[in-house]
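Q: Chain by chain, the residues:
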Amino acid sequence: MDFSLTAEEADLAELCRNFADREIAPRAPAAWERAECPTDLLREMGELGLLGMLVPEGWGGIGMSTIGFVAALEQIGRADQSVAAALQAHVTIGSMPLLLFGTDEQRERWLRPLAEGRVLGAFGLTEPGAGSDTRGIATRAERRDGGWVVNGTKAFISNAGTDMSFGVTVLARTGTGDRGPRFGSFVIEKDTPGFTMGPKVRGIGWKGLDTRELYFDDVWVPDDHLLGDPDLGLGQFLRTLEVGRISIAALSLSLTQAVLDLSLAYAAERRQFGRPISDFQAIQFKLADMATELEAARWLTYRAAWLRDTGQPFLKEAAMAKLKASRLAAAAASEAVQIHGGVGYMLDSPVARFYCDSKVLEIGEGTNEIQHVVIARALGC
Amino acid sequence: MNIVVCVKQIPDPADPGALDPESKTLKRDGKLILDESDSYGVEMALQLVGDSGEVTLVSMAPNGEVSGLRTALAMGAAKAVLVSDDALKGSDALTTAKVLAAAIGKAGEYDLVLAATESSDGYTGVVPEQIAAVLGLPSVTFAKAVSVDGGTVKVDRQTEAGYDEVTCPLPAVVSVTAGVVEPRYPSFKGIMAAKSKPVDQLALADLGIEAANAGWAGAGQEIVEVAAAAQREAGEIIEDDGEAHAKIVDFLSNLKVI
Ligand SMILES: Cc1cc2nc3c(=O)[nH]c(=O)nc-3n(C[C@H](O)[C@H](O)[C@H](O)COP(=O)(O)OP(=O)(O)OC[C@H]3O[C@@H](n4cnc5c(N)ncnc54)[C@H](O)[C@@H]3O)c2cc1C
Ligand SMILES: Cc1cc2nc3c(=O)[nH]c(=O)nc-3n(C[C@H](O)[C@H](O)[C@H](O)COP(=O)(O)OP(=O)(O)OC[C@H]3O[C@@H](n4cnc5c(N)ncnc54)[C@H](O)[C@@H]3O)c2cc1C
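Residue numbers (the numbering used here), protein chains in the order written: chain A, 173 to 553; chain B, 153 to 410.
Same shape as in the complex, but just chain A (with noise of 0.2 Å):
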């Protein structure tokens, strides 16, 4: 068993502590401030490679393995969450239908800008009234002179609202066959006739991801806009984006290290009944717990991200990852509130800018409760 990176991985690693240290964590508390997203750093992380980590060099992309996308992201999650988030957004759900589905001449189109970091890329699968129940969705592509015409609104799409996005992919009813609904996905530019959006929606945390909902009002797009089979199996289709699991098992990996490093430091130097309040034993098995667990999380990450790289089957493991590491990062920052006091509750401290963004993480890319589901249904339940 190697636990080590590779010398790529690790390279990569680097960058982005780098220049996340010097060029998002400073930018990080206006960013959450002014609550937009912050387009001129994913613009620069874009000059750098970061925006095309899982697309191949043929297609504009890095190339990387989904170990060193993770080590990525653990970088620079410490930094901001929000950044994190949209470039996992746009990493995963936004560019893998592309890298995965689409002709040469579309990923051409829309897949290169977006692995070269020139736009960025959304994924439209959530509406109101199916969330967990994908299955459930209402909007609907029908057949008309040469093209489609896509009808239905989206909930909480990520990243299509911003000066930097391209448009979005979004999933539609096409029909219903013997086996019930059948469903394609089309690419939808910006500035489509009918295509329109609300503002951007306010959460508790990731305050600098743009996340609005989406409108498709009789849009026509052309044939060459549907994203392979307009028949393909709901199911195969999803199971692509599931390294997006992964994903965000690495934000909260960050997430928890990021807490767990404020709280060592602020439990060191905070003096109260005479003594640094990390000399009481409270405090350290909280700190204990937090990096035990913490490790714990790291290494089922890890170990999905390597069952992905090797061509193996990673639904299950990816699943316990998100669902532990999320779970983990959710009770370490209220955790390391509890240890920064009255100063870790204010708003402007760094602290209580993780404590917001963690409950997001048990919520997207599938909720806690349907990666139980998932685990379940995988144990033969």
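For the record, the hints were derived by calculation from the structure and aren't laboratory data.
Among the clues, some could well be false.
What the hints assert, rightly or not - Residues of chain A placed beyond 12 Å of chain B at every Cβ, according to the derived structure:
1) ALA327
2) ARG354
3) ASP403
What the hints assert, rightly or not - Derived list of chain A stretches under chain B, where covered just means 3 residues or more per stretch with a C-beta under 8 Å from a C-beta of chain B:
4) 180-186
5) 216-223
Claimed, not checked - With a Cα cut of at most 20 Å, we get these calculated EDC-like pairs of lysine to aspartate or glutamate:
6) B:LYS341 <-> A:GLU219
7) B:LYS347 <-> A:GLU181
8) B:LYS341 <-> A:GLU216
9) A:LYS362 <-> A:GLU208
The structure displayed is predicted, hence computed values, not measured ones.
Idealized CB from N, CA, C, for every residue including glycine.
Please build the complex by placing chain B with the ligands on the supplied structure of chain A, with the hints as guidance.
A: Frame of chain A; chain B with the ligands shown alone:
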């Protein structure tokens, strides 16, 4: 246009430095990194050559160190010449300049040599001018902007009062200040490409320099003693009794700061 950039590789300023009690110089046995001062020269050179030329790095460093050179190659430089030789231990600034001048002679055709005004660790601030003298080239210092027009380099030369506009025929040696341009971060592809870019490793003999004229033997300076810097004294605290501003103004004007 081709440009040679002098890049010094120095101990990481983030790690606490240590002096070797024997030689009374900085220990340089760990990994050395690109001096941040030189990242400005590298970026300036890359911007000046654009797509129509090459940037070549020259460096003198112990133990065949290339880490800092790889960083500059990852930014976009095409190749590097490294001089590393045990006989260089203890070299002073003039010897360093002679070695770098000889190395520049091995770097191929060039139009311009860039260096930083001073390094972050040694900061004697003399090597670029000495290189110019050894090569018999004009030298322009403290550049805060550099442009090339045909066979002429134009430099905005920082002064205490503002800046002078200087023009100078090429080839020339120009030392740049921090802030002349914003250095880029090496991209991932740049880092990968840098691994296979050529680094020509030379010893003193390759440059035709006698060991007797280099290192401790050739140094025109001697480090007699090293002493710890005086501890910074506690500052004076002025309580505000309504007159604090006047006391602070007096204090600052005594220092001739205002
Ligand atoms: C900040 C943010 C960004 C997002 N970005 C995107 C995006 O870019 N693209 C996109 O398509 N979506 C996006 N989403 C949507 C996200 O994927 C969904 O919120 C998530 O899948 C849950 O769906 P829901 O909110 O409709 O919750 P629901 O599915 O309504 O769930 C409500 C509760 O019921 C539970 N529940 C549901 N079904 C079961 C069951 N079978 N067994 C047990 N419990 C169950 C859930 O776990 C949850 O606790 C984003 C969400 C957020 C918050
Ligand atoms: C006592 C003593 C012992 C030394 N021992 C060694 C040794 O063991 N091994 C060794 O390699 N050097 C050694 N040196 C050389 C030293 O590291 C410097 O390179 C040299 O003295 C220049 O000093 P500086 O950094 O103050 O130059 P400055 O004049 O402040 O430098 C200005 C600019 O010149 C260029 N430059 C300067 N030095 C170099 C360089 N080495 N390579 C490329 N560009 C450069 C850079 O662009 C730099 O920013 C020693 C120097 C002294 C005084």
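Q: Of all the hints given earlier, name the ones this structure violates by number, lowest first.
A: Of the numbered hints given earlier, the structure breaks none, since each of them holds.
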